[in-house]
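Based on the hints, put chains L and W in the right spot on chain B.
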Amino acid sequence: MGCIQSFRQCCDRPKNTNVRISLPAVCFVWQIAMIILFGIFIRYNEESDAHWIEHKTYNNISSNIENDFYFRYPSFQDVHVMIFVGFGFLMTFLKRYSFGAIGFNFLIAGFGLQWALLMQGWFHSLNPLDGKIKIGVESMINADFCVASCLIAYGAVLGKVSPVQLMVMTLFGVTLYAVEEYIILSLIHARDAGGSMVIHTFGAYYGLSISWMLYRPNLDQSKHRIGSVYHSDVFAMIGTLFLWMFWPSFNSAISDHGDGQHRAAINTYLSLAATVLTSIAISSLSQKTGKLDMVHIQNATLAGGVAVGTAAEFMLMPYGSLIVGFCCGIISTLGYIYITPFMEKYLKIHDTCGIHNLHAMPGVIGGIVGAITAAAASKGVYGKEGLENTFDFTGKWKDMLPTQQGGHQAAGLCVALCFGIGGGIIVGCILRLPIWGDAPDNSCFDDDIYWELPEDEENNSPTVEYNNHMRSNAVSWQSCADSGQLSFEGIRRFKEETESNFSVEQSELTPRA
Amino acid sequence: MGCIQSFRQCCDRPKNTNVRISLPAVCFVWQIAMIILFGIFIRYNEESDAHWIEHKTYNNISSNIENDFYFRYPSFQDVHVMIFVGFGFLMTFLKRYSFGAIGFNFLIAGFGLQWALLMQGWFHSLNPLDGKIKIGVESMINADFCVASCLIAYGAVLGKVSPVQLMVMTLFGVTLYAVEEYIILSLIHARDAGGSMVIHTFGAYYGLSISWMLYRPNLDQSKHRIGSVYHSDVFAMIGTLFLWMFWPSFNSAISDHGDGQHRAAINTYLSLAATVLTSIAISSLSQKTGKLDMVHIQNATLAGGVAVGTAAEFMLMPYGSLIVGFCCGIISTLGYIYITPFMEKYLKIHDTCGIHNLHAMPGVIGGIVGAITAAAASKGVYGKEGLENTFDFTGKWKDMLPTQQGGHQAAGLCVALCFGIGGGIIVGCILRLPIWGDAPDNSCFDDDIYWELPEDEENNSPTVEYNNHMRSNAVSWQSCADSGQLSFEGIRRFKEETESNFSVEQSELTPRA
Amino acid sequence: MGCIQSFRQCCDRPKNTNVRISLPAVCFVWQIAMIILFGIFIRYNEESDAHWIEHKTYNNISSNIENDFYFRYPSFQDVHVMIFVGFGFLMTFLKRYSFGAIGFNFLIAGFGLQWALLMQGWFHSLNPLDGKIKIGVESMINADFCVASCLIAYGAVLGKVSPVQLMVMTLFGVTLYAVEEYIILSLIHARDAGGSMVIHTFGAYYGLSISWMLYRPNLDQSKHRIGSVYHSDVFAMIGTLFLWMFWPSFNSAISDHGDGQHRAAINTYLSLAATVLTSIAISSLSQKTGKLDMVHIQNATLAGGVAVGTAAEFMLMPYGSLIVGFCCGIISTLGYIYITPFMEKYLKIHDTCGIHNLHAMPGVIGGIVGAITAAAASKGVYGKEGLENTFDFTGKWKDMLPTQQGGHQAAGLCVALCFGIGGGIIVGCILRLPIWGDAPDNSCFDDDIYWELPEDEENNSPTVEYNNHMRSNAVSWQSCADSGQLSFEGIRRFKEETESNFSVEQSELTPRA
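Residue numbers (the working numbering), protein chains in the order written: chain B, 1 to 513; chain L, 1 to 513; chain W, 1 to 513.
One chain only, chain B, in its complex shape:
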């Protein structure tokens, strides 16, 4: 008990947001470590090595176009856009945290993808003969996928943590992800093309648990900065739309060549379309006058893509995709209206971007849909070879039945949940240490802490000039008063009020100037 108490006390020391030592140190040390580890472990695979031409002859491959690059590179680029522009801009909705949203997203992703190549390589593709990890375009997609789970987690703590904390969160997040992915995909042999379980469920619960551990009872002091402004909402729509449009590429990026990728793209396309309509419907219903809320349009419209992730490569059927999208649009929007405020008030989990509604719930639904679809698979629908191909019933899994596969899918979902919640709690504890430079409660959601801000637009606009000239008026008033012929009492009261108002205003302006 005393131990916990002293841990608490230690965590509650006054905050110092200066990251001038810690941030560069973390960046340099970790980047150098990456270079060393890449030097030891990482090499090109057969399709990206200059020996490809020999490999091609040896394996009787007729054309360069059969290089995996041409199957997956367009999807990779779409996924890449989702990671950097999609997630980055989706989080710009806060009125004064756009730099932090895009910039730290960039930092996390830049570091995370390197570490993910290593972690995923060790678990999935370490060659036992030469001890090397061979990378190609599929590794790059998988690294981006892994990073996605950390960016989802960032959504829960957006504006409340320092870049150093984010780096630590990413280091552990990628590590946990690689282990969890190995257990789910390799040991349990669950299928998860679009990562409903592996990416979204894990990432969201990881972020929510961290946010729970880092709960700030006095966050009210920054409440006025949580809203959006008109243009920040438009910026956020850039993120939303790029995520929405490229989600079919996300879910199909690493599924089987041929029909697998084709089907995953169609299913995701349809599911997302249905989600748009039901999100908008619920959003309109939730307001007295039927007005729409941008928060729902920005987020809930994406829930269908999350929820169809696992089953995207299965024979979910077009109407099945629509049903999944239909339900998720409703659930996700209702989540924003009812569950997020509930979680904040009663569970002490503050979820800045509402990832519980966009990733956690739809991710779990996606896992369940995947389990049901897998369990219901039959040779009639898939064809004999199609069934084997789709569920990879080869090698030691040769005799597996679809019903069993359904069970394995469900088991995979549980693993993702456990890793997300468990890992988040542990990492959250670490992040509570008062050494990471996070912002005090009254400076959250403010770029001013970690960014050199440009002078405010307003400082150059007529407004400010107007303020300045009113200040000189105040001075001339003072001289009026000095001239003696205005009732002393009235003038003094005016002067005092003016001055106190100006000083308030000035302090508002100064930090930005």
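Do not take every clue at face value.
If chains are identical, the list can't say which one is meant, so a pair holds when it fits in one copy or spans any two.
Claimed, not checked - Below, a list of computed lysine-lysine pairs in the DSSO-like style, where the Cα atoms sit at most 27 Å apart:
hint: 1; residue 1: Lys384; residue 2: Lys15
hint: 2; residue 1: Lys15; residue 2: Lys396
hint: 3; residue 1: Lys223; residue 2: Lys15
hint: 4; residue 1: Lys223; residue 2: Lys134
hint: 5; residue 1: Lys384; residue 2: Lys345
hint: 6; residue 1: Lys134; residue 2: Lys379
hint: 7; residue 1: Lys56; residue 2: Lys379
Hints are computed from structural coordinates only; laboratory data are not their basis.
Since this is a predicted model, take the numbers as computed values, not measurements.
Just chains L and W, lined up with the frame of chain B:
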């Protein structure tokens, strides 16, 4: 006559913009209908079905890369970006209608693509044996194309209609499109790879006719909201550029594998480049001091892509593409300068985005260019097989001559025009009913009607704080006044200073005004 | 001496920014010239011509998918996005030059790509038999590459030149580029897949030399417009991210089919990731409190892509890419902190976007890395066929050794430097003539010179309304004053008016709140 009169009276009842019942109802009912119809009709095609592996063996297809997915998916994603980001952001130029532009664009497209898959399926790919529609990546592109025509129509009525009206407009628009497309492409056997006729001409005249039917004589009351602000123009350029860059993918997305797609991309690329120069030239010429107008840069630069749509897959020759782009840049920019104001004043057609200049005229030009290019085709230029391939002279059209094909192209253009104008008038009548929740004349182009807006940026800025403190000054003045004595001298000095300050400020403001 | 003096005097005549004659004239004349030259010289190549089907049979090509279009089109589209959105938005960071940044970028690129197709065609692919240039998707990529070098040069003079000057700069820039590229790639037989030397080094020094020639000693008068505002920095991040994400496509777009493209993408991906971390580290270190500077995030994070350009298709090894990215992030950020101010102060080179740090230095580093990597190549690492393929040791270069190749690479770098600096000085001289309509020193970085600007946002906001009503108050005060003594009556009237005005204003504000 009495009937028309009473219809008018009925239409002119006071407006109620509450869509809390109608919008969710339309979204839910239509989405459920989609699910049911998809359940009955829509299945995966051979290339996206799990039986692909058997199909491949059976048809002796050597590699997965020959799946149509790999021919078309990158183009599909580009088209998808054009639909959602391109059209969405192009319409954000209004100072206070960015939410409506992007949000309703999203809604229309999300619904429209589902309905398009059904409508186009019924007309083009209903299997007579099993009564199913088989979809694949080409169906998705075609659905996006169909949606494009409705989004073009939205451009004419932007800011003046309710989301419910837009849904109705889309329902009928997609239906008309599918019929018109079937007549033009299948019955008349016209070719229209990039949809100059089928998409642009139809969509633009459909929208203009609706706008004509919904003419608001008192729209002046909202005139001050029709302009742009600095940042909204920059947002609109996001739309412009994504449309411009991806137009080669649009025009080549469904043309023939191999040289067809290749040639369509080159032609569009060149045509658009030429359009940029002539639009900018005319824009500069049209102003006394040679300044450029953002409206022209945002819109007229795209006209070359529209006009080269039909002929993109023909042997238009690179210089031919440049000529088309050259002319369209001039015509489209002149349209913005002269025709749009003319149409509003004399024809009572208010065209918010100027779709007449960007889609209608270039679309018609594109149809004519296509007819001429087709009529001029010869075996010398195309080669025997090339000619058959390009114009699809197979089956019952085996003996068709290029000159005949030219006539068919012209006929196709007429069909597109008739469907656009006729359909638009009928749908416009329906939309005049006062049940759709559209805005009153003095609240057009204002997001405030259908969106929960964030607090204004200004509300948190020094300005507002300043306003607040001036209010308190007024109070202190009151107390001054109550104290009864203010000397003439002090007041006069205040007056002079105030005036001189105001004049400074005014000169600051004027140059931008 | 007298000659130079009179040239100077001639150049220092007062500025006239009216481009109403010159800009349209340049656009029209040059575009018509393009059409004529395209008519004479440019035709489709075998893969985009309707004879493709015969060519396919003749060359025993099994499938349409082997058309180069499918190897390169997705990369082409990514490059296209970099040119128009990437470069365009990267330059929007200035508070009042976003229109000029995006719009003139658009103009330069639209003209430049046509001229590049011709110039590059004459040098690289003029068929001696029929005197025609045959174009395909690779030509389009090369044209975009060529344009990139001119856009880089634009970065140095952003805000200080007129659109006519930019057109002249592009005309000469493309011409010089084509010659330089021919010397480096064909005569010297250097390899430069991503254009570190050919594109970046040349383009950057070309721009810097021009900026040096156009040095404005009195630019201080526009200093207050050089900064950014909050939202303009966010817009610039759109440019940064699209450049960053699609750089792997840039570097792999024209490298060898198969492993060449695959490897180039991986190397660039990794190099860029490392750059992000070191740029952020140095940026944080450079500020007293560890705050990050948006200028560094927007620019320095891209340096790794530039520096890995030449060596991207070589066997640089993943850790090699990381090392290159690591170093360039540091060097580029330090450049922004120390070198840019130094160059402006002592060398009289004003570099608006800091292209010296983003393109010049990393480009030179990229050339050196390429030379070293080439010199170190061995049959052990590449395999015999791989080595021949990668370095194109065929035909007259059959017996070349890797060490020799290293020397050729270094020679290529020198050629790029000479052409950049020499060409820039000559073109800069031409651009100093006072006939191009550039802005006077006190109006640089201001869109108002060449663009019709929308009314300021503030003009329609409560602020301005407030100002207006204060003006009317001043008037009512005047009447008070005229009445001679501030009687109780006057004060009361003022009070009432003020209050009623406030209530009006408040109702204006409330609906948004």
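Structure-based check of each hint:
Within a single copy, Lys384 and Lys15 get their C-alpha atoms no closer than 62 Å, and across copies no closer than 61 Å, so neither meets the 27 Å cut-off. For the homomeric pair Lys15 and Lys396, neither the shortest alpha-carbon distance inside one copy (55 Å) nor that between copies (68 Å) is at most 27 Å. Taking the shortest alpha-carbon separations for Lys223 and Lys15, only the intra-copy value of 19 Å comes in at or below 27 Å, while the best inter-copy value is 37 Å. Taking the shortest Cα distances, Lys223 and Lys134 never come within 27 Å of each other, neither inside one copy (48 Å) nor across copies (52 Å).
Proximity of Lys384 and Lys345 under a CA criterion of 27 Å is satisfied in neither setting, with 52 Å inside one chain copy and 68 Å between copies. Taking identical chains as interchangeable, the C-alpha atoms of Lys134 and Lys379 lie at most 27 Å apart only when they sit on different chains, with a minimum of 20 Å there against 35 Å within one chain. Taking the shortest Cα distances, Lys56 and Lys379 sit within 27 Å of each other only across copies (18 Å), while inside one copy they are farther apart (34 Å).
In this structure, the hints that do not hold are numbers 1, 2, 4 and 5, in rising order.
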